[in-house]
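Trainee: The residues making up each chain are set out below.
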Amino acid sequence: MNAPTEKIALDVARIRQDFPILELMVNDKPLIFLDNAASSQMPKPVMDRWVRYQSSQHANIHRAVHYLSETATAEYESARRKLQAFINAKEEREVIFTSGTTESINLVAHGWGRKNLKADDEIILTTLEHHSNIVPWQMVADEKGAKIRVAPIFDNGELDLAAYEKLFNAHTKIACFTHVSNALGTINPVREMIAIARKHGVITLVDGAQAVPHLRVDMQALDCDFYAFSGHKLCGPTGIGVLYGKAALLEAMQPFKGGGDMILSVTFEKTTYAPIPAKFEAGTPPIAAAITLGAAVDYLSEIGMDRIAAHETDLLDYATSEVTKLPGVRIIGTAEKKAAVLSFAIEGVHPHDVGTLLNEDGVAIRTGHHCAQPVMQRFKVPATSRASFAFYNTLAEVNALVASIQRVQKVFG
Amino acid sequence: MADSRNLYQEVILDHNKKPRNWGALADATHKSEGLNPLCGDHIFLSLKVTGAHIEAVQFEGESCAICKASASMMTTLVKGKSRDDAEQMVNEFRDMAIGKLDTSKVPHHLGRLTVFAGVRDLPTRVKCAILPWHTLHAALNSQTNTSTEADADPVHAAVIGT
Chain A
0 MNAPTEKIAL
10 DVARIRQDFP
20 ILELMVNDKP
30 LIFLDNAASS
40 QMPKPVMDRW
50 VRYQSSQHAN
60 IHRAVHYLSE
70 TATAEYESAR
80 RKLQAFINAK
90 EEREVIFTSG
100 TTESINLVAH
110 GWGRKNLKAD
120 DEIILTTLEH
130 HSNIVPWQMV
140 ADEKGAKIRV
150 APIFDNGELD
160 LAAYEKLFNA
170 HTKIACFTHV
180 SNALGTINPV
190 REMIAIARKH
200 GVITLVDGAQ
210 AVPHLRVDMQ
220 ALDCDFYAFS
230 GHKLCGPTGI
240 GVLYGKAALL
250 EAMQPFKGGG
260 DMILSVTFEK
270 TTYAPIPAKF
280 EAGTPPIAAA
290 ITLGAAVDYL
300 SEIGMDRIAA
310 HETDLLDYAT
320 SEVTKLPGVR
330 IIGTAEKKAA
340 VLSFAIEGVH
350 PHDVGTLLNE
360 DGVAIRTGHH
370 CAQPVMQRFK
380 VPATSRASFA
390 FYNTLAEVNA
400 LVASIQRVQK
410 VFG
Chain B
0 MADSRNLYQE
10 VILDHNKKPR
20 NWGALADATH
30 KSEGLNPLCG
40 DHIFLSLKVT
50 GAHIEAVQFE
60 GESCAICKAS
70 ASMMTTLVKG
80 KSRDDAEQMV
90 NEFRDMAIGK
100 LDTSKVPHHL
110 GRLTVFAGVR
120 DLPTRVKCAI
130 LPWHTLHAAL
140 NSQTNTSTEA
150 DADPVHAAVI
160 GT
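Same order as they appear, the protein sequences are chains A and B.
So for the first sequence, numbering that gives the first Met the number 0 puts the first residue at 0; every next one is plus one.
So for the second sequence, numbering that gives the first Met the number 0 puts the first residue at 0; every next one is plus one.
Simulated from the structure, these hints should not be mistaken for laboratory data.
One thing to keep in mind: the hints can contain errors.
Lysine-lysine pairs mimicking PhoX-like chemistry, simulated, CA-CA at most 20 Å apart [unchecked claim]:
#1 B/K17 to A/K409
#2 B/K30 to B/K80
#3 A/K43 to A/K81
#4 A/K409 to B/K16
#5 B/K78 to B/K47
#6 A/K245 to A/K172
What follows is a list of derived Cβ distance ranges for each label pair [said to hold, decoys possible]:
#7 A/D10 to B/G98: 43 to 49 Å
#8 A/A402 to B/D101: 32 to 38 Å
#9 A/V25 to B/G98: 18 to 24 Å
#10 A/T323 to B/L37: 26 to 32 Å
#11 A/E164 to B/T143: 42 to 48 Å
#12 B/T113 to A/I20: 32 to 38 Å
#13 A/R51 to B/G98: 38 to 44 Å
#14 B/G98 to A/A118: 48 to 54 Å
#15 A/K198 to B/P36: 38 to 44 Å
#16 A/E191 to B/G98: 51 to 57 Å
#17 A/F153 to B/Q87: 49 to 55 Å
#18 A/A58 to B/G98: 43 to 49 Å
#19 A/A12 to B/G22: 53 to 59 Å
#20 B/T143 to A/T271: 53 to 59 Å
Some chain A residues judged to face chain B by a derived CB distance under 8 Å, without partners named [claimed, not checked]:
#21 H349
#22 H351
#23 D352
#24 L356
#25 G367
#26 H368
#27 P381
#28 V410
#29 F411
Quantities reported herein were computed from a predicted structural model and do not represent experimental measurements.
Each residue gets a CB set at the ideal place from its N, CA and C atoms; glycine is no exception.
This is chain B alone, in the form it adopts within the complex (with noise of 0.2 Å):
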């Protein structure tokens, strides 16, 4: 098992510490709520998006420190992206969390997310780092809410392997 010292790095403590982005947007077009029901993880994101491009994103909520950065994180990346890139992120972080995706061998957009990928090695936190993707995912596509154990919900099939 790989030691989570390489998951609680300076950067998640940091984003944890004063997440970036951090509130609700007044003029939202699309918004949604996160839940993890077994953990009480709860995150609500709200976006502005302009054509095909996400013009502003920010998000609260209470959770634990892997959500939170990670959300923080994602906010300041999908900022200015189109939707599509957004999307392609949400599938390649997924894919990173639950271990498919080897961001130190194959091509990727995440950027420094790739210090989320720690995650693998922890079944239990798999779920609070893909929270605020899936989240994102289900604002994109005018869900308003959506909850970790959600059967339905494409990403949480991904993370079960069904």
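Bound conformation, chain A alone (with noise of 0.2 Å):
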């Protein structure tokens, strides 16, 4: 249905209107924002939603039988379906709101781990991962005395398949990995990794808070028993995030939280349990947050997810082409596959400088270890510079990145 659509390329300048940030000045330069990977910008028919929530529709969900309450419930319960909806999952109740990827997959280590792992188990993560895909895990194997297995990668940043199916064994009783790598833009062969722990009766949990941004995500062509992304990386608001987990292993899990909505009855003797996804939304949820994530994702929806995976490749092969030509520059990360991610090094200049000076040209990107310690120690470097598109970037502003790291080379020359 979308293959008509997606010959027809991205009209940015439209586009670009609806983002009132991208007219800002940064240093007198007009900003070009190029951290996209960090947090994305909000259009303004989504922050409309939020206000138009806010004006008309606000009251606490699930709970009282006057019509704003109502509104709200239908508005948030309408909201997962559309999250639901662009992640092509099966039901909706798979479906829990969390504040964002890290709480997703914390979610799934104490709501899961902690009720199946026990001492030698084996948890497999790669060298790819964020920290909010290692710590959670190494919590939980403290606690469990269970063991953590990492798949290592190859020099391209292209991770190690023959490697990571090897570390399956007996023990191993869930694989957590991410989908795109945060630091070099890696998309990882994840239909065939959930595949191979399938093959081995073991568990998944996707990382997706890079991928769900830049590609088409299909939960149940993946296959995998859990997903975990952010909204803010969606050009929704922060505080609000999905975990994806298939019905029957949520049904089977402890809840995270306790509190009020996640229970069906409460006696000082016993507890029982709302069924899912009330049973992980403990408390007041982020409404308004989880609404206006809808309305990202309808915003998204409308654009077409190929069309901007299409685009956000024409950036990235145009600027990887344009930053190999300069000499001097590495660009860490070279797999085959990659999205949106450009991460590079300028000789004899600390990413922390050329942070720095590009912001002097109005150039937003990201300096440091980008969350991902395992990924630096691998490429030998303390920290990179990291510029990450979104589909409102365009060809001009990749230029201005490269004449901005020329300038940066001029002063450290």
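Mind docking these for me? Both chains are given alone in their own frames, and the hints should help you get the complex.
Mentor: The structure is reproduced here in structure tokens:
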């Protein structure tokens, strides 16, 4: 159904008019925002949704019988269905609203891991993981006496799939890996990774924080057990994210947080939990943020994820070829399949100096270890400079990035 | 926001390129290692203190230009100073970097270190400039290592405003 529109290029100039922040001047230069992997910007129609909710629909949900509570509840649950459709989950109750990817992963580490992991069980991770898909597992492993095994990557930043498969044994209980590396942009062969785990009877969790904004993701086609992502990297607000989980697994899990809205009945002797998804949404959830995220996925779907992916691939390919031409600049992470991330090192210049100097030109990039220190250790660098693209970026902005890198080289020449 | 073009001045770029007093003292009496775990700035400082005086000081390590130039200029300025004078410079440098000391209005002992005054407008870079001073303070007080994230450190406490 998307095939006919795929060929039509994005009208980026039109799209940019939806993003007020892109009009900003920084150091008297037009803002060139290339830090989208950290957080993307919000278009006006999505902001308007928040305002409309607060102006005419807000009350607490799942509680009172009055008009506003009914309306807010309906809008909140409608947002859940929008997210369900966006990731093609089988059932809406498989979509749990969380505060973001980190909470989603912690929910599984605590709700599933603490119940199911025991001494000498093994958890498979990869070198590419963000700290948020390492630390929760270390915490549970420490508590249970379980072990963490790490699948290595090659020099180009691609996962060593054969080595990954060799890690599986009778002790392996769960494999947790990123869909797209936040530090390098590598797109992992998640379909194969999930199939390998399934063959060994092992549960899978995919960190989709960097994938969902750039690729069409399909829970039923992937067949993973859990999938986590954040709203604020998806043109939505901060403080909202999603944990997708297969219904049968979610039903068997322990709640992570106790409180209101996640129970059927409470006495001091016994509490009966609500069915999923409510079981995992204790307390008043970020209602406005969830509804606004629903509007964000509507906005992205209207443009079309395939067209977004195609434009971002053009940007990345162009940036890669232009940066490759610069002597003294090394691209870190040269996997064949990448999404929207260009990590680089300028010979003789520390990334933090790069970041400060680029900022003078209005160019916003991320510098540092990107919360992925194992990746930095793998490439023997303390930090990298990272430009990350969104569908509203332009080839002209890539040119400005390249010119700014050249200025850094001149200053430090 | 001030233009950081004020920060990357020729003197800073020069000290970054050709750091003075680079290396480790074989006959050090005081040593300390300074680390900013958030950005990876990592320096090693060695001092030879005789009586109340800093007779020699050297540094090495890996860091950004701001940190390296700050360390290099620090070594040239504290060499031959008394411990008390050096500690006074630590305090003044820190206060300048966090915007508490306006070196254009208040008398100070920082000399050409005022080229670092611009970091006050770049909060994420303040720690880069301060780390060497932090490390000097630690070495003089016989702490073998320090971190920009060590809550107990008085310099750190001043930076984060606690």
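Trainee: Against this structure, judge whether each hint is valid.
Mentor: How the hints compare with the structure:
1. B/K17 to A/K409: holds, 17 Å
2. B/K30 to B/K80: holds, 17 Å
3. A/K43 to A/K81: holds, 19 Å
4. A/K409 to B/K16: It holds: about 13 Å lies between the C-alpha atoms, which stays within 20 Å.
5. B/K78 to B/K47: The hint holds at about 10 Å.
6. A/K245 to A/K172: holds, 16 Å
7. A/D10 to B/G98: 43 to 49 Å: Once the Cβ atoms are compared, 45 Å apart, the range 43 to 49 Å for B/G98 and A/D10 holds.
8. A/A402 to B/D101: 32 to 38 Å: holds, 35 Å
9. A/V25 to B/G98: 18 to 24 Å: The hinted range 18 to 24 Å holds for A/V25 and B/G98, with Cβ atoms some 21 Å apart.
10. A/T323 to B/L37: 26 to 32 Å: holds, 30 Å
11. A/E164 to B/T143: 42 to 48 Å: Given range 42 to 48 Å: holds, Cβ gap about 45 Å.
12. B/T113 to A/I20: 32 to 38 Å: holds, 35 Å
13. A/R51 to B/G98: 38 to 44 Å: Check passed, 42 Å falls within 38 to 44 Å.
14. B/G98 to A/A118: 48 to 54 Å: holds, 53 Å
15. A/K198 to B/P36: 38 to 44 Å: Check passed, 40 Å falls within 38 to 44 Å.
16. A/E191 to B/G98: 51 to 57 Å: This hint holds: roughly 54 Å between Cβ atoms.
17. A/F153 to B/Q87: 49 to 55 Å: holds, 53 Å
18. A/A58 to B/G98: 43 to 49 Å: holds, 45 Å
19. A/A12 to B/G22: 53 to 59 Å: Between A/A12 and B/G22, where Cβ atoms are some 56 Å apart, the hint holds.
20. B/T143 to A/T271: 53 to 59 Å: This hint holds: roughly 57 Å between Cβ atoms.
21. H349: It holds, given that the least Cβ distance between A/H349 and chain B is near 4 Å, below 8 Å.
22. H351: Where the cut-off is 8 Å and the nearest Cβ of chain B is about 4 Å from A/H351, the hint holds.
23. D352: For A/D352, the interface hint holds, since the closest Cβ of chain B sits about 5 Å away, which is under 8 Å.
24. L356: This interface hint holds because 7 Å falls under the 8 Å limit.
25. G367: OK, holds: A/G367 within 8 Å of chain B, min 6 Å.
26. H368: Result: holds, 7 Å to nearest chain B Cβ.
27. P381: Since chain B brings a Cβ to about 3 Å from A/P381, closer than 8 Å, the hint holds.
28. V410: At about 6 Å, which falls below the 8 Å cut-off, the nearest Cβ of chain B leaves the hint on A/V410 intact, so it holds.
29. F411: holds, 7 Å
When held up to the earlier numbered hints, the structure conflicts with none and fits them all.
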